[in-house]
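If you read the sequences in order, they're chains A and B. Heads up, the first sequence is in the numbering used here, so the first residue is 1 and it goes up one at a time. Heads up, the second sequence is in the numbering used here, so the first residue is 1 and it goes up one at a time.
To be clear, the hints were calculated from the coordinates, so they are not data collected in a lab. In this text, all values refer to a predicted model and were calculated from it rather than measured experimentally. Positions of the beta carbon are idealized from the N, C-alpha and C atoms, including for glycine. Check each hint, because a few of them may be wrong.
Claimed, not checked - Sample of chain B residues facing chain A (criterion: CB under 10 Å; computed from the structure): (1) 22; (2) 50; (3) 103.
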Amino acid sequence: MSAAHWPWWLGAAGLAAVTVGSCLVARRPFGVSGIVGRFVNWREELAVERSRVAMGSADEAALEAALAAATAEAFAGMTPAMVAAGPDAKPSLSVVTEVAAPAEGACGTAAPCRSCGSPASRPTLGAHAVFLGAIVAGAFLATALRGGFHPTLALPEAYARLVAPGAWGLAALAGGGLLVGLGTTVSGGCSTGHGLSGCARFQPAGLAATTTFFGVAVAVSFLLAGRGS
Amino acid sequence: MVRYRTHLELGGLGLVFGATISGAGFTDFGELHRMFTFADPRLLLTFAAGVALAAIGFAIHCRSAGLASRPLRAGTIPGAVAFGAGWAVCGGCPGAVLAMIGEGKLAALVILGGILAGTVLGKRVMGLLRWDSGSCAS
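Could you put together the complete structure from these sequences and hints?
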C-alpha cells in the first residue's frame with residue numbers, strides 16, 4: 001500500500017456515503033456516466049427541463065381541463081365533461097386514460113420513466129454540473145491537503161512503462177477513453193452506476209456488468225503486464 | 001436557498017466523492033493496475049467494502065425510495081466488455097477522470113475527450129441497434 005493513499009476502510013466509507021447519500025438526495029441510483037451523458041445531450045435535456053418548469057407553473061385545474069379537452073377531441077363523440085366525469089362515463093375511460101398517459105414515458109416527462117422506472121423528477125442540469133465540478137474540487141482539496149498538487153501534462157510513469165510513452169501513450173489514453181464512453185453508454189452504467197449502486201442493490205444488470213467489466217479489465221491488465229515485463 | 005438545496009447537497013456529495021476516489025487511489029494508474037493484477041488487494045477491498053456498506057445503507061434508508069430496478073438489457077454485457085478494456089488501458093472511469101483533472105493530471109483531459117466522443121458514438125450505436133440501456137436511471 002502506498003503511504004499517500006487512504007486505508008481501505010476510509011475509502012469504503014466514503015464510497016458508501018456518496019452512493020447512499022445520492023439515493024437520498026436525488027431519489028435515483030447513483031451513476032456518474034449517466035450524469036456525463038446528460039451533458040452530451042444538453043440541448044434535449046434543457047428542452048425537457050424548460051417543459052417541466054412550464055408544466056409546474058401552470059394552474060393544475062387549467063391543465064386538467066386542457067387535457068380533458070384534448071382527450072375528448074381525440075375521441076369523436078366525447079365531451080370534456082364526459083372525460084372529467086371519471087370511469088362511470090361512457091364510453092369507458094380506460095381507453096382515455098391510456099391516451100392521456102405519455103406514449104413513451106421517458107425521463108423528465110410527467111410519468112415515471114417506462115425505460116428505467118425512475119421517478120419523473122430528477123436533479124437539474126445545473127445541480128448535476130455542480131456535482132461534477134465538486135468532484136474536481138474534492139480531488140483538488142484531497143491532493144492539496146497531502147501536499148501533492150503539482151499540475152503536469154506528463155503521463156504517469158507506470159502508464160508510460162505498461163502502455164506506451166509519448167504520443168502513442170496519448171493516443172492510447174484517447175482510445176481507452178473512447179471505449180469507456182462507448183461501453184458505459186451501451187451498458188447503461190459504469191463502476192459507480194453498475195458497480196457501486198447496482199451491486200449494492202443486487203440488481204441483475206449491475207452484478208452481470210460489474211463481473212464482466214472487472215473480468216475484462218483483469219485480462220487486459222495481465223496482457224499489459226506481460227508486455228511491460 | 002431552498003431552491004438551491006439540491007445543488008448544495010449534490011455539491012457536498014461531489015466533494016466527498018472526489019476526495020474519496022483521489023485519496024483511495026482510484027485515480028492512480030499504478031494502483032489501479034495493481035488492483036487488476038491482484039498485486040495489491042487494497043483498492044479491491046475498498047470497492048468491495050464500499051458495496052457492502054452501501055448495501056446496508058440502502059436496506060436501512062432507501063427501501064421506500066422507489067428506486068428503479070435495472071434488469072439485464074441487450075447492451076449490458078457488450079458495453080461492459082468495452083468499458084472494462086478501456087478502463088484497464090486508460091486507467092479512468094468517468095468519475096476518476098474528473099478527479100484526475102482536480103489532482104492536476106492534465107493528460108486526463110485527453111481521456112475526458114475520448115469519453116465524451118465515446119458517449120456520442122454509444123448513443124448512435126444504441127439508436128442504430130434500437131437498444132435501450134436504461135441509462136437515464138442516473
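| How about residue 22/B: closest beta carbon in chain A under 10 Å, or not? | Holds, because the Cβ-Cβ distance from residue 22/B to chain A comes to roughly 4 Å (cut-off 10 Å).
| message | Quick check on the hint: residue 103/B CB to chain A CB, less than 10 Å? | response | holds, 4 Å
| Once the shortest beta carbon distance from residue 50/B to chain A is found, is it less than 10 Å? | holds, 3 Å
The structure agrees with every numbered hint stated previously.
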